[in-house]
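With chain C fixed as given, assemble chain L onto it according to the hints.
First to last, the sequence lines map onto chains C and L. According to the numbering used here, the first sequence holds residues 1 to 266 in order. According to the numbering used here, the second sequence holds residues 1 to 192 in order.
Keep in mind that the hints were calculated from the coordinates and are not lab data. Just so it is clear, the structure is predicted and the values come from calculations on it, not from any experiment. One thing to keep in mind: the hints can contain errors.
To be verified - Chain L regions said to be covered by chain C (calculated; three or more residues, Cβ under 8 Å):
{"id": "1", "segment": "29-39"}
{"id": "2", "segment": "68-80"}
{"id": "3", "segment": "94-103"}
{"id": "4", "segment": "123-137"}
As the list claims (entries may be wrong) - For each label pair, taking beta carbons as the anchor points, the in silico distance ranges come out as:
{"id": "5", "chain 1": "C", "residue 1": "Ser187", "chain 2": "L", "residue 2": "Met46", "range": "55 to 61 Å"}
{"id": "6", "chain 1": "L", "residue 1": "Glu34", "chain 2": "C", "residue 2": "Asp213", "range": "38 to 44 Å"}
{"id": "7", "chain 1": "C", "residue 1": "His35", "chain 2": "L", "residue 2": "Leu40", "range": "48 to 54 Å"}
What the hints assert, rightly or not - In silico EDC-like cross-links for lysine to aspartate or glutamate, where the CA-CA straight-line distance does not exceed 20 Å:
{"id": "8", "chain 1": "L", "residue 1": "Lys129", "chain 2": "C", "residue 2": "Glu161"}
{"id": "9", "chain 1": "L", "residue 1": "Lys123", "chain 2": "C", "residue 2": "Glu164"}
{"id": "10", "chain 1": "L", "residue 1": "Lys128", "chain 2": "L", "residue 2": "Asp18"}
{"id": "11", "chain 1": "L", "residue 1": "Lys137", "chain 2": "C", "residue 2": "Glu107"}
{"id": "12", "chain 1": "L", "residue 1": "Lys87", "chain 2": "C", "residue 2": "Glu161"}
{"id": "13", "chain 1": "C", "residue 1": "Lys232", "chain 2": "L", "residue 2": "Asp138"}
{"id": "14", "chain 1": "L", "residue 1": "Lys136", "chain 2": "C", "residue 2": "Glu158"}
{"id": "15", "chain 1": "C", "residue 1": "Lys85", "chain 2": "C", "residue 2": "Glu97"}
{"id": "16", "chain 1": "L", "residue 1": "Lys123", "chain 2": "C", "residue 2": "Glu161"}
Using N, Cα and C, we set each Cβ at its ideal position, and we do this for glycine too.
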Amino acid sequence: MPLESTQSNLFSDALEDAYRVHIEEFEGPLDLLLHLIKKNELDIYNIPIAAITRQYLEYMELLKELNLDIAGEFLVMAATLLQIKSRMLLPLTPEEEEAEVEDPRAELVRRLLEYQRYRDASFQLSSRNLLGREVFARKFDSPELADSAPKDEPADVELFELIEAFRRVLARVSVETFHDVVTDGISIADRISEVLSLLYGGKTISFDSLFYDGMTRDLLVVTFLSMLELCKMKLIRITQAESLGAIWLTSTSEADALDGEGIFAE
Amino acid sequence: MPSKSLTSIVESLLFVHDQPLSLDRLATLLEEHERGDIRLALDDLMEEYASAGRGIVLAQVAGGYQLRSRPENADYIRRLTKSRGVKFSQSALETLSIVAYRQPITRAEVEYLRGVDSGGVLKSLLEKKLLRILGKKDVPGKPLIYGTTREFLELFGLKDIASLPTLKEIQELAPPDPFADQPELPLDSVEP
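This is chain C alone, in the form it adopts within the complex (with noise of 0.2 Å):
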C-alpha cells in the first residue's frame, strides 16, 4: 500500500513524542481529531485518513497506558475512522464509480466543520461581558421579598422547578422501612376536590402548605398528581413571583364556577 507508507513518513516519529510530553485534555473525538488536523496543519477538506487514524489510535493507547478510563465515544471515533480508512483502500466496484458515491470521509468532515463552528461560538460566548464576571448589576436579596406572595406580574412555573420542588418534598420524608399495609385509600379525585375547596374562592396557597408533615408517600404523590391533573383542566394556575422562589396555586375562574364540590364525585 503506497498511500499508507508515504503518509506515515510525512507525519513522522515526532509527533509521538509530542503526547508523551504533554497531554491535553479533549471534549471528545471531534476536539481530538481537530487538535490533530490544526498540529499537523491538514487540510480538514482532504484528512489523510490513514495518518490521523495511527495518531487518534496511539492517543488512545497513551490513554490505556496512563490507566485512564476511554470513554465510549472515544471507541466509537476509532471504529469509524478505521471504517473509512478500509473504504479508501478498496478500489470502487464500476457501478459504484458510475454512481459517485460520496468520499467515505465527507460524513465526518462536514461533523467536524460544524463542530468546529460551535466551537468557536463558544469561545465567543464566554468572551462576552458576563454578569457577575465584567459587569455587574445591582441586586437585593432580602429573604422578606422572596417570600412573599405573587406580587403583580407572577411568572408560570417550569415544570423542571415544580418536580425539583416536589423532589424537595419528598426527601423530607423519610423511607419507610417496613411494610405498612394500613392504606389511606385517598384517591386523586378525593384530593382534586380537597385542593380545590382549599382554593375556593380565588384563594392563592402555597405549593409547600400542601404537603404537610405526617403524610404518607403515596398521599405525597397523590396529592402531587391531583396539583398536575388540575393544572391541565384548567383550574388552576401554578406560579411563582420570581425563579427560586415560592411556587403558588390559585385556582382560575373556571374553577369558582364550580361550587367546591366539583364535577370529581362518581
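The following block gives chain L in isolation, referenced to the frame of chain C:
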C-alpha cells in the same frame, strides 16, 4: 422630546429595580406618559451614560433595560465583592452555544454535534437556570427539547437570542474557508 422629569423618573426606576425593566413594563408603570417618550428617555439615558464616560452603563438585556457597571472597571469591583464570577467549563460553553443557536433541540442532537455524552452537562445547565425544557418533541420516544432562558440572556448580556453573532460572522473571524473564493450568489447583496 421627553420632559426632564420623565428621564429622571425612568432613571430612578432603573436604579431601584434589580432586573431588566422592559419598555412594556415601564409603559404600564408610567401610564400618564407616552410610550414613545419613555423610549426616548431611555435612549437619552443610554447616550448620556455612554458619552460621559460614567461608571454605569445602561444596557439592553433580556428584552429590557438594566443599569450595569462599566466592564472596564471589573477588576476594582471584584476587589469589593471578592467574587470570581462565573467560570464555565468548555463542555458547558459548547453545550450552551449549541442550544442557543439550535434551539429547540433534543439531547440526542446536542450529542451528535458534540460527539460526546451530554446528559450531565445539560442537567447542570438546567439547574443553573441557563437552559429550560421547552417541551417534548413529537417523534418516537418523545424526547425533551431544550432552549435557553432569560437568565442566559442576562448573564451573557444579550438583548435577545437573535442578537447573538451569526455563525457566519463567527466564521469570518476564523481562518479562511478554502471554498471562499467561489463567487457569492447575489442573494445577500440586496441593500436594506
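What are the numbers of the hints that this structure violates, sorted from low to high? Those not satisfied are hints 1, 6, 11 and 12.
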